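If you want the building blocks of each chain, they are given just below.
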Amino acid sequence: MIHFDNICKRYPGGHDALNRINLRLPKGQMAFLTGHSGAGKSTLLKLIAMIERPTRGQIFLDGVNLNNISNRKIPYIRRNIGIIFQNHHLLYDRPVFDNVAMPLIIQGYRRQEIHKRVRAALNQVGLLSKEKSEPITLSGGEQQRVGIARAIVHKPLLLLADEPTGNLDPELSLEIMQLFARFNQVGTTVLIASHDLDLIKLIGAPSISLQDGKVAHNGLPFTVSNN
Amino acid sequence: MRNSPHRKNRLRSYFSHHLQVSLASLGRLYAQPAATLMTTAVIAIALALPVGLYIALDNVSKLSSDWDGSTQISLFLHTHVKNSDAQKLMNRLQKHRHIKKIDFITKEQGLEQFRETSGFGDALKYLDDNPLPIVLVIHPRIKENQATTTTRLVKELSKNKLVELAQLDVQWVKRLYTLLEIAHRSIWVISTMLAFAVLLIIGNTIRLDIQNRREEIEVSKLIGASDAFIRRPFLYTGLWYGIIGGLLATIVTFITLLLIESPIHRLALLYHSDFHLHGLGFAKTLLLILISCSLGLIGSWIAVSRHLKEIEPC
Ligand SMILES: Nc1ncnc2c1ncn2[C@@H]1O[C@H](COP(=O)(O)OP(=O)(O)OP(=O)(O)O)[C@@H](O)[C@H]1O
Ligand SMILES: [Mg+2]
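Residue numbers (the working numbering), protein chains in the order written: chain A, 1 to 227; chain B, 228 to 541.
Chain B with its partners taken away, still in its complex shape (with noise of 0.2 Å):
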């Protein structure tokens, strides 16, 4: 073409360009603080919401992990079993690699257990002969407290020959297990949907600002501007909707996990807890504000390329 630039310079132009095409769309922004700042207060709600779940989520899942010390297997030993081939079975038991740890309960401490939470404590000084037997309490070594590999360690240790009943406390474990991934599943739907209304949210905007520069997309057309050129400076709008929209979310979650940090602190240490909130991170933040670019550039790519083809002339 007969008047262009050199190559070199038009490399830089490029790059400057689109510095300012950028800096121009903020300006845009900037230009109208209210209506911006309504959209991306949407955009950021809408993030924060399933962000907010994902963290409440993650926390109780954490939690629940550090209670697999509470899944109990209780091993009730035959009554004849002594003492001391009990202490042997416990040694030899403790080298187990499921096995964290077990409390040994003979059969006095068990009658005292009985007496204390039954109520029958007169009644039972009239037995002659104590009829508990000696029990095992196998606290096992699970690692995401796997269901299964308790399962079969129950299995395992109910085909001792001393153990008379092997008990599992593991039924409700389960159920916090499945009810947690029913949660999970859900977060993920209600987040592609937010997602969709962020999309929509983007692309309407994007569609009111096209409506509104309908005159300049007419004369840039007709002055030889390229389509990518048309589509530039409202790609970087649906692009610093999404960046802000982002940060705000961010901000958000991080002023609620402020405000619900130490009453969830004082209640864990109620529970003798040493538990944490745990926030996003920072890999996560940056994937959080990484995914509204995105939606803001779906966003604005999907209203722009629908309606910038309806402004004559093509």
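The following block holds chain A by itself, in its conformation from the complex (with noise of 0.2 Å):
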């Protein structure tokens, strides 16, 4: 599902984020990104969602080459990924349904088929009775979870989460680490940063280890090939 060859990312101002760094995940993999602060987790998910580009190397996404893929047509590549944000990035100005909607309603789906998901995203974070509620007014791990809410409404291929338990207490963060378990064993791909390794190792998925820009260890199973 993910492959990255030999990718490089140095951010201007000189730093090396990401250094030569060779990865495969495969399809319907789920995986943990562990590493100190500044090890170039958050670097790399961003390469895969195209919110930074490499700067050197390539990354494959689903057998697609992201270094063809223009300014333009990123969009289309985002589609098929959910991103869970740490700071959850809810809108305010509109109720958790509007703000779980909005990956359906970029990708124009019909008003029926909107109501259709978004409630069956919302009852799979527990928040259905929350539907109309203000964002607002929601405690931070049910903000968390209308965040997970939005990112798997279209059922993106891949999931990717930036320490998405980074400030819940941990039976929240448990919680919400096995509702990725469960999206996972539906046969979406998950790659999660985070350093919570207490947490890890109760979900039991394996984990790759960045240290410096560099894969320190990496429990992925080896696989030759996954396009």
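Don't take every hint at face value.
Taking lysine to aspartate or glutamate pairs in the EDC-like style, the calculated list, with each CA pair at most 20 Å apart, reads [stated by the list, open to error]:
1. 132(A) / 443(B)
2. 46(A) / 442(B)
3. 73(A) / 501(B)
4. 73(A) / 537(B)
5. 46(A) / 335(B)
6. 73(A) / 488(B)
7. 536(B) / 198(A)
Taking CB as the label site, the calculated pair distances span [what the hints assert, rightly or not]:
8. 536(B) / 198(A): 51 to 59 Å
9. 68(A) / 514(B): 41 to 49 Å
10. 478(B) / 11(A): 49 to 57 Å
11. 198(A) / 445(B): 28 to 36 Å
12. 536(B) / 38(A): 45 to 53 Å
13. 419(B) / 11(A): 41 to 49 Å
14. 241(B) / 186(A): 25 to 33 Å
15. 111(A) / 264(B): 28 to 36 Å
16. 241(B) / 8(A): 38 to 46 Å
17. 214(A) / 254(B): 47 to 55 Å
18. 134(A) / 445(B): 17 to 25 Å
19. 254(B) / 11(A): 22 to 30 Å
Hints are computed from structural coordinates only; laboratory data are not their basis. All values reported here derive from a predicted model rather than from experimental measurement. Each residue gets a CB set at the ideal place from its N, CA and C atoms; glycine is no exception.
With the hints as a guide, dock the two chains, each given alone in a separate frame, to form the complex.
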């Protein structure tokens, strides 16, 4: 599903955030991305979501070389990805339902379909009763789950999460990680950046550990090809 | 793409999406009535000003084309020409295609007029002979009051053997038309400048709008919104500014015309004229609103293409 081929990322200013990364994440795999602060976890996820472009090397997403994707085509790549942010990035000027519906509206779904899917997504994160609430009235964990519902509502092939449990209590963190595991069980590829090693052990998915922009440890099962 | 809905539904939802976006943009304007009113009022003033000038100029032009009657050529005949010959000449000239009307002024009438206007009344009594010639006052038939036709007519008439002098009182008409031409061009310049002002106003308003909705734009980009999708609400906002500004300008113009119509009519009556104020008319009103809409669209397009790029991610 994801294939990093000798990826380097140097930010303006000369700092090498990623240095010669080689990775293969098979389709349907769930994996964690760990490493110290500044190791390059967020950078790696941003490269997949095309928020940043690599300085050198190639990234293949579901067989597509992202270097060949023009800026104009980026939205269509992102539509296959669900992204979850640490600070959930909800819009506070509209209710929960409208937040979750955004990916579907962007992709031009019909109203009934939007209604059905948004309610299904909210149901999966256990927030169906809150569809009319304003996000500001929800707790941190609930807001994070709204963010997750928004990321999965269009049934993406790939879920990327950048420290989704960063500021949640352990119980809620586990709940959210289990939610990701459930999406993985129905076939979604999941990649989660996190420093919570205890939680990672609890979930039991393989992890890739980054150190100073390099892969320090790769717990992924070896695959010959994943195109 | 795996999850895409069917094509036909997609087309239908495309239009309903446009409708929704345009209404949502209008709703946003409605939610901030004071700000909206201020922006659209400035646009309306910037539009109504050149429109008012245009209407004024248009009316002056129409009025002055009624004045082709006041362009006159006075044909002073030789003093020895008799009334009968002059009459024959007049009958001939009346068939001329550039002549509308001829007034015949006999020697006696001329003397009478001279006596009344000159104040030499008593002195004239001592003249045993009338020294004045017969005068034919020619009213040319002029389309759009073309000074050249009249000048040519004067040349032609002065070649006649009976004519001593053909005098044209056209200089002031020429001056008037030059003035009107200058006014016309000035209006174009003013309109162009004000159109730029409208572009700037709308552009700046949309820029602020983009800043206020930065978060929404960022999130939309991250979840795969195309540039067109992100641009759309702002373009509709610009369009609405254009429509509302144009309508306001029309209303302002209409009310102004209504206010000055009856005094102008009274003034016209004093001059024994049946002059009526001409408004903008349906087609030109439509044009005004169309121009206003275009300015709204162009202004927002400029703002959007300049400022959306600044928002990360690309
Ligand atoms: N936009 C940027 N411009 C310049 N340098 C950057 C930028 N983003 C990240 N970096 C640098 O790149 C390195 C990797 O950053 P990154 O955000 O990927 O780390 P991380 O592993 O996600 O850390 P954390 O756990 O603190 O989120 C850091 O040294 C950071 O300072
Ligand atoms: Mg990070």
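Checklist entry - Should the hint that residue 536(B) and residue 38(A) are 45 to 53 Å apart at their CB atoms be regarded as holding? => result For residue 38(A) against residue 536(B), whose Cβ atoms are near 29 Å apart, the range 45 to 53 Å is violated.
Checklist entry - Honestly, do residue 214(A) and residue 254(B) meet the 47 to 55 Å range at C-beta? => result holds, 52 Å
Checklist entry - Taking 51 to 59 Å as the hint, is the beta-carbon distance of residue 536(B) and residue 198(A) inside that range? => result violated, 43 Å
Checklist entry - Is residue 536(B) close enough to residue 198(A), meaning Cα to Cα at most 20 Å? => result This hinted pair is violated, its Cα atoms lying about 41 Å apart.
Item to check | Given hint residue 537(B) paired with residue 73(A) - CA-CA distance at most 20 Å | outcome: The hint holds at about 18 Å.
Next on the checklist: Taking the Cβ atom of residue 241(B) and the Cβ atom of residue 8(A), is their distance within the range 38 to 46 Å?
Outcome noted: Between residue 241(B) and residue 8(A), where Cβ atoms are some 41 Å apart, the hint holds.
Next on the checklist: Does the beta carbon distance between residue 241(B) and residue 186(A) stay inside 25 to 33 Å, or does it fall outside?
Outcome noted: For residue 186(A) against residue 241(B), whose Cβ atoms are near 30 Å apart, the range 25 to 33 Å holds.
Checklist entry - Regarding residue 254(B) and residue 11(A), is the given constraint of 22 to 30 Å on their beta-carbon distance met? => result About 41 Å separates the Cβ atoms of residue 254(B) and residue 11(A), which means 22 to 30 Å is violated.
Checklist entry - When you check the alpha-carbon spacing of residue 132(A) and residue 443(B), does it fall within 20 Å? => result holds, 19 Å
Checklist entry - Is the gap between the beta carbons of residue 111(A) and residue 264(B) within 28 to 36 Å? => result holds, 33 Å
Next on the checklist: What's the verdict on residue 73(A) and residue 501(B), does the C-alpha distance respect the 20 Å limit or exceed it?
Outcome noted: violated, 67 Å
Checklist entry - Taking the CB of residue 68(A) and the CB of residue 514(B), does the distance hold inside 41 to 49 Å? => result Distance hint for residue 68(A), residue 514(B) holds at roughly 47 Å.
Checked against the numbered hints given earlier, the structure breaks hints 3, 5, 6, 7, 8, 12, 19 and satisfies all the rest.
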